[in-house]
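Protein chains in written order, with our numbering: chain A, 658 to 745; chain B, 120 to 1110.
Simulated from the structure, these hints should not be mistaken for lab results. The structure presented is a predicted model; accordingly, all values stated were derived computationally and were not measured. Any given hint could turn out to be false.
[Claimed, not checked] Okay, derived cross-link-like pairs now, DSS-like style, lysine-lysine, Cα gap no bigger than 30 Å in a straight line:
{"id": "1", "chain 1": "B", "residue 1": "Lys996", "chain 2": "B", "residue 2": "Lys1076"}
{"id": "2", "chain 1": "B", "residue 1": "Lys942", "chain 2": "B", "residue 2": "Lys1031"}
{"id": "3", "chain 1": "B", "residue 1": "Lys804", "chain 2": "B", "residue 2": "Lys996"}
{"id": "4", "chain 1": "B", "residue 1": "Lys848", "chain 2": "A", "residue 2": "Lys744"}
{"id": "5", "chain 1": "A", "residue 1": "Lys744", "chain 2": "B", "residue 2": "Lys1076"}
{"id": "6", "chain 1": "B", "residue 1": "Lys1076", "chain 2": "B", "residue 2": "Lys1094"}
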Amino acid sequence: MLRLPCPLCGLRDETEFTYGGDATRTRPAESETDAAAWHDYVFLRDNPRGPHREYWHHVSGCRQWLVVERNTLTHEIGAAWLAREGKS
Amino acid sequence: MTATRLPTGGWIDRSQSLTVTFDGKPLNAHPGDTLASALLANDVSLVGRSFKYHRPRGIYSAGAEEPNALVTLREGARSEPNTRATQIEVFDGLTARPQNARPSLRWDLGALNQLLSPAIHAGFYYKTFIGPFRGTGFWMRCERFIRKAAGMGEAERKADPDSYEKVNAFADLLVVGSGPAGLCAALAAGRTGARVLLVEQDWQLGGSLLSAPRDRSEAWLQEIERELRSLENVTLLSRTTVFGAYDHDVYGAVERVWDHVEVPPDGQPRQRYWQIRAKQAILATGALEQPLVFAGNDRPGVMLAGAVRAYLNRFAVRAGRQILVATNNDSAYATALDLAEAGSEVTLLDSRAEVPASLTGPLTERGVKVMCAHTVFAARGHERVGGAAIAAVGPDGQALGALDWVTCDLIAVSGGWAPALHLWSQRQQKPRYDSTKACFLPEGGWVETQGCIGAAAGIGGTTAAFAAGLESGGLTPSDAPSLSDAGLGDDWTRSPQQQIPFTGITGRPAGKAFIDLQHDVTISDIDLAEQEGYRSVEHLKRYTTSGMATDQGKTSNLNALARIAQLRGTTIGEAGTTTFRPPYTPVAIGALVGRDCGLHFRPIRRTAIHEWHEANGAVMTEAGPWMRPWYYPQAGEEVTQAYRREAAHVRAQVGLVDVSTLGKIAVQGPDAAAFLNRIYVNGWKTLAVGRLRYGIMLRDDGLVMDDGATARLGEHDYFMSTTTANAAKVLAFAEELLQTAWTDLRVQVTSVTDAWAAFALAGPKARDVLGSLAPGSDLSAEALPNNHWIAADIAGVALRIHRMSYSGELAYEVYCPSGYGRKVWEAILGAGGSFDLRPYGTEAMGALRIEKGHVAGPELDGRTTLADLCLAGFASKKKPFVGSVLKNRPLLQDPLRPTLVGLEIEGERGAKPGSLLFAAEGPTEGHGEGWVSSPTYSPALAKNIALGFLKNGPQRKGETVRIVDFLSDTTLRAKVVSHHFFDPEGARQNG
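Required output: the full structure, derived from the provided sequences and hints.
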């Protein structure tokens, strides 16, 4: 079981969170009308090996969306911060 | 084998005798015995039958690695199959029975399988699948018999009467194992003040020390335990197995709290599942002795040498009188010495050619015959060993001369030791084979918060383990009570011989030579798999099933690799190793579940009116986690009559339904309108305070996610409702958008579902009912038209009345604080008495919405677009919204997509949801042209109707289609009509 450092709640079990996917992708602006841009955002994901940034929703805790640095190879967790503070 | 209990010695309490029964026969046993030691003490040699060949088997080990002595413990609902007799702590009233033997252990019909053994070798299942006859039919017929003939114990079908629980633990240091290394590691860390959790699977601390004579370590153990118990920061957990090591330093352990009594005391859990989060872990899990492989090495009376020593010194059981000790390393010398001192006649065979006199000397002094470069090639005997064939052996494991048969009643074997690095390997790399120490070592790992010490790290010897434990906490041997020298052959890593099966001159054993005792895998199975090209160890393991039984190869993996290496002429390291996975020993599912069963696993949600519904005879139904009134039967009514009556009553008079389960989200902030404008397909900027609007939201991929009404309560204050099923999903999605993408919007979303009770009052007399309750409120069509709300007072409760209709009738939704829900509900029903107001349930509510053509869960199934639902007109063309771009994907524009239609069904019979639609004429093949989503009987139309999706639906109105239900093999005919079956102009709801 992973344990994630929620900036508001402290170190918590993975079971309190919902995985939110790749945090490096950027949602197109609402005014974006290019279907290709939306297609890429919604459907295309890299599957990186090693360091990665991803969203986790502390759904059974403070309900904040977090950006968490996770190494997909080792499960090593780096920094974690509130998603509303930005991607990096 | 003639095993006896010695009159003195050991760690058992001779002052008490316990009533223990095995296979219906009483055993003499004392506190401190395991079931296995009690069986040996009573000279029971035959304890089980093997998995496949039903061969007689005896006790093989003295610990968690036991492959043979699996028994069913207890009787009735508490019975537990496949428990290891070597780990069962005896208790008064213990009953156990053997497994896999019919009609009895001694006369087992299944033993006839041995005659079939040439046909049930490696890959038997796979070969049966593909032949000898085509197809799987033959296999299916055989399976019934095979499943019965092969196998372990049978699971009990009655519910387990005992309870289990879970706890969480946090520690600076977790120490697994309480041998000299583990005890000293816990002591050293404990003295620093760190929070230490020391976990031992046995009920007694000491580990390998307990196998040596008691007087050698008793005082030391007492001293260490006394100090550990005096430290408040140290927790000792015995009878607890750490079975798994998981990411981020989480460990799973099961404590057998009350497994050592017949029935747990009242209110006490039988087992407790520990989830341990440790900053550091020291694995002092010791090493597991490995078998020697030779013909008949599974006969009762062939035992691991270390186990024989443990039975002698810990349990005061001498397992044999005329004993052959066969070894390839130093450790068995200690067994031979202790046995000789206990009066047995001992011969020691060492397969190594060179053995120092310091080892052989003490044995020969005590009359032990020591033969180097010799080993045992075959064991003879049926229910117990009677003799062995010995001969000189070469380095390739083959006999160098003729076999010499000798008489013996016990063969104690040692094929070297395998560090118990399971917990290490579960988290880290595959271990590395060390040919000097002839074992796999936990080396090359990358997890810094976990490490092995002592024998688990491949460090041989008690003194070294003692020092390593202290050193792990920065202490030296002088800092702790001194531990006396462990004696002869203590360091098993000194010059052991690499594992190698012993075969005759031909290279083949003179009979069945077992690699995996528990799964009945022999040398010839490994040979066959190798011959058939299973090169990878992972493939070979699955093909032969070696290492795949409940013991997970604790005594077989190494020898399987040894045989592969022998066949290929390579080293064990090159042959490879398989991956270790949790659990270390089997774990009862009940322990993992704990108290999370039944309603504790899936709690139900009740509305504020729940008790009223029950008290008034409602039949309840599940809607996700919610309980909702399905219908309120009158005398003798079933659901079919009740919902038709209730729905008709709403259209004729007035009805009240509990809709508190709707999701409710407070959307607040200066940018709330902008947020709604983005998340809903329709526009929200013009919605005035005091009004509400139906809205639809899509997912990013352009498919419909949810619908519901949102009211504007104030300047920056909106009240959103969602469907019951999607409440959580919508909230999480709103939070995602606001926190990850639309961070410029000043909006807060909060779930207020539980804060508000909600009731829909529907029917021509709805206004009259409300008017009598809230005389101060103007409810006229002019003052409160559809899609408006007002604050009101009913029964002294401040609440809101939303005018909106789901049923198509004149209707209001009353939102009041949950705590007053019951009061308001009863006040409405009380006032409604003179208007013939009656409650109705979800079934009638569904019938009413289908008559109106409103979509709900069966239509919003995550696969439908706005256009599919004939709701495309709702989407604003003036603004972007979630899904506005991808909803235009070409495939979603296909005019042939099934589209919402109404179906008027001919005849008395209604359709089943999920039935497929086919053209009136033509073949009934494939997936049809659409499906039925929501069928009902319509009281208003007096016929069976349904909502469904049909290819090119809007253009086919008037056409007749067939509704085919393949499950009941029935076909109905229906006319395609508009899905607005009833009052399409909406005159009733707008009146």
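Which of the listed hints are broken here?
Hint check: 2 and 5 fail, others pass.
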